[in-house]
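Trainee: Let the hints inform the model, and build the full structure from the sequences given.
For the protein sequence lines, the chains are A and B, in the order given.
Heads up: the first sequence begins at 2 in our numbering, then just goes up one per residue.
Heads up: the second sequence begins at 844 in our numbering, then just goes up one per residue.
Careful: at least some of the hints might be erroneous.
[Stated by the list, open to error] Chain A is faced by these chain B residues, among others (derived, beta-carbon under 8 angstroms): (1) Val861; (2) Thr865; (3) Glu869; (4) Lys941; (5) Asp1013.
By construction, these hints were calculated from the structure, which means they are not laboratory data.
Keep in mind it's a predicted model, so treat the numbers as computed, not measured.
Each residue gets a CB set at the ideal place from its N, CA and C atoms; glycine is no exception.
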Amino acid sequence: MAVIEVEHLDKVFRIPHEKRNTLFETLTGLLRPPVYETFHALKDINFTVDEGEMFGIIGENGSGKSTLLKIISRILVPTRGSVIARKSITPFLELGVGFNPDFTAAENVRIYGIIMGLTPRDINGKMDDILEFAGISQFRDTKLRNFSSGMQVRLAFSTAIQTNPQVLLLDEVLAVGDQEFQKKCLDELERFKREGVTIIFVSHDLESVKKHCVRTLLLNHGVQVMVGDTQEVVGRYEDVE
Amino acid sequence: MRIQHIKELYDYRNLIWVLAWTDFKERYKNSVLGFFWSLLEPLLMLAILYIVFSNLMKVQVEHYQLFLLQGIIMWSFFTRSTSGSLYAFKLKAQLVKKVYFPRDILVISSCITALLMSFFESIIFLAFLLFFMIPLSLNILYLPIVIFLYFIIALGTSLVLSALNVYYRDIQYIWALVLQVGFFATPVIYPLNVFPQYLQKILSYNPLAQVIFLGRDVTLYSKEPNLASFVFVIFIAVITLVIGYAIFLRLEPRFAEEL
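Mentor: Structure below.
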C-alpha cells in the first residue's frame, strides 16, 4: 500500500524585484503592482512510496530535493498538486533544531525531544540511553554552549532516533560527524528499516543510495527525470554527468 | 475544520507548554537576581507612579497602591503577550523552516509566557492584599473567567500582529507607539472619574479598560462584576479571536518562505 502519494506537484517561488518590507512601502506602492520573478522549483512531480520501503531521491544541488522534502513534511505548501500522507511523518531535515546554548544537555534533550514529537514521559525514561548513545553521560548538566559542534550533533541525533517514526525523511543528516559516528547512524538506519519504517532518503552519496534503496527518484532542475529501480536511475544519473 | 485544528493543538500541547516554559525560564537564566528581576520591575514602576500620582497629582482613590499595582500587572500582560508574539516568528525562524507544527503554537506559547510572568508578579499583589488586610469575597471566583477572556483578547491581537510582522517589518514600531498611547488611554494609573463625562464615555469603549474594571471589581472591591462590562468583554473576545484567526490563517502558509 502506498504510504505517500505525490501527484502533479508544482512549486513556484515568487521572488519580488523590489522587496517591500514595510507597511509604509506597501501602502505607497499600491498603485504600482509589484513585479515578480518566478522560480519554478518543482515541475509536475509524481511518485508513490510504499509502506516499509526505503526510497531514494538524488540529483544535483538546486534540483529541488530539499524543497520536495519540505513540502512532504508540510513546512512548505505546494503551488499545485497534492501530497497524500497516510502515516505521520518525522522529518530529519536538520539536527538540533531549537537547541538553546544556555540550557544544559538534559534540558535540551527535553525540548528537542518534544519538538520531534516525543512525550515528556518517553523522554524521562530514555534520558540515560540518549546521553549514553551520544557519549556524553558525564556532561548531563553542562550548558550546551560548552559542547563542541560534534557533541551537539551527536546529542541531537541520539534524541531524534528515540522517536518512533512511521515515515522518516532524511536529508543528508548522515553527512556529519566522524567515521565512527556515521557507522552508528547507519546501524540505526538499518534498525529502522528492519522495523518496517518507511524511509525517504535524500543523498549525494550514490553508494549508500544503491546499497539501501530499492527505488529512487532522479530530479534535475525541478524536473522528474526518472523514477524506478535504483540501479537504473543511478546509472542514468552517472551517464548525464 | 476548526474542530480538527483544536484537536491538532491538543496533540501538540507538550510543545506549547515546553516553548512557553523555556521562554519564561530563559528570561531569567543569566541574571544574578534570577526570578526576582521580574518582581523588581513592577515594584519600581509602582513606587514611581505612586509617588508622582498620589503626591503631585493628588489622585483620590482608596488603596491607591493596590489600584495601581493591579492596573500595572494587568496592562503588562497585554504589552508582553503582544510584543512577545511580534517577534515569535523572527526569533524562532529556524524552527518554522525546519519542522512542521501548527504555526499558531508559537503565538499561543508567547501569550502563555506573558501569563506566567503576570501570575508571578501577582505574588506581590497578594502580599499587598494581605498587608492592607483587604477583605476578599466569593466574587473572586469570577477572576479566572476575566483572565481567560483577557487571554483570548491578547491572543487574537497577537495572531494578527505576529503574522503581519513576518511580512512588514515596521509593524513592531507602529505597535510600540500604539501601546504607548494605549497605556494612557486605559485607566491603569487613574480612575475614570477624573475625566469629564464625555471623555469617560469614549474611554469606556476601550475593551482593555473594561477588562481592568472587571479585574478590579472582583478582587480589590469585592463586588459582583458589572454585567454590561462582562457582556461587552465577551463580545470583544470572540470578535478578536475570529478576526485574529481569519487573518493569521490567510498569511500563515507562506511563513516558511518569507522568514
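Trainee: All hints, please: hold or fail.
Mentor: Evaluation of the provided hints:
At about 5 angstroms, the closest approach between the beta carbon of Val861 of chain B and any beta carbon in chain A falls short of 8 angstroms, and the interface hint on this residue holds. With a least beta-carbon distance of about 6 angstroms to chain A, the hint placing Thr865 of chain B at the interface is held under the 8 angstroms criterion. Interface restraint check for Glu869 of chain B: the shortest CB-CB distance to chain A comes to about 6 angstroms, inside 8 angstroms, so the restraint holds. Evaluation of the Lys941 of chain B hint against chain A yields a held restraint, the C-beta minimum of about 5 angstroms falling below 8 angstroms.
Look at Asp1013 of chain B: its Cβ gets to within about 4 angstroms of chain A, closer than 8 angstroms, so that hint holds up.
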